[in-house]
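Can you make the complete structure from the sequences, with help from the hints?
Its first residue numbered 810, the sequence shown is counted upward by one per residue in the working numbering.
In case anyone wonders, no lab produced these hints; they're calculated from the structure. Remember, predicted model here, so these are calculated numbers, not experimental data. For glycine and all other residues, C-beta sits at the position ideal for the given N, C-alpha and C.
Simulated DEER-style distance windows between Cβ atoms:
hint: 1; residue 1: S814; residue 2: E1050; range: 25 to 35 Å
hint: 2; residue 1: E1011; residue 2: R991; range: 35 to 45 Å
hint: 3; residue 1: A903; residue 2: V813; range: 17 to 27 Å
hint: 4; residue 1: E926; residue 2: V997; range: 18 to 28 Å
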Amino acid sequence: MTRVSAGWLALREPADAAARATDLVEQIPGTGPWVIHDLGCGSGSMGRWLAPRLHGPQHWVLHDRDADLLAIAAADLPRAAAVTAEPRQSDITALRASDLAGATLITASALLDMLTEHALADLVDVCVSAGCPALLTLSVVGRVELVPADPLDSRVAAAFNAHQRRLLGPDAPDVAVEMFERLGAEVVVRPSPWRLGPGHAELIAEWLAGWVGAACEQEPELTAEAGDYTRRRLEQARGGELAVTVGHADLLVLP
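This is the structure we're talking about:
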């Protein structure tokens, strides 16, 4: 599991909120009261997005290894009278079925692609054992489109995807669906792409640095061209001339 900064999570939160498939929330069975386990909650963006969309009292159990992020998540959950928070510092790759006892909904965001296949299999087993729905959002799928196009786009994208496959990376949604269905669950999948444009110059710059950096780490031969490529793209972003679509998938798992 990679540690992420609160700054990066705050920067991406509006794009995440705009991308998530809201129709999946409408398909979650039940009317509350809710006991929601948020796995790898980070700074709590999933809770801030989902809590206002659910009816009835909610108790959020927030799981993360990072105590600083947990503190932010617990403090910033929507403070309606019917919403409470319980932070738990824990390693979600070591969860047991007993850790999710009493759950009526499991959530996670931007998580599945950061796991190994073994860790995902363990997580799927635990989620299915809980016997409740799971809403798992914003897993990358390996599709990136930049407009206007550049001759180096496809090479950077291929190298980045290869880098991400050191873990499950862009294969995670398909692998997760297969694992859940093998255990008898039904899975509804929706696209949830980031659509970034003139109002997202700072986010594009941070995303681009990570995207190109990982590609160069995977394919060092890219480094000679990466500097000029990055400068071109940053100039376009600052000028409001660059649009970026980053593909993700949202999964609703129904027991």
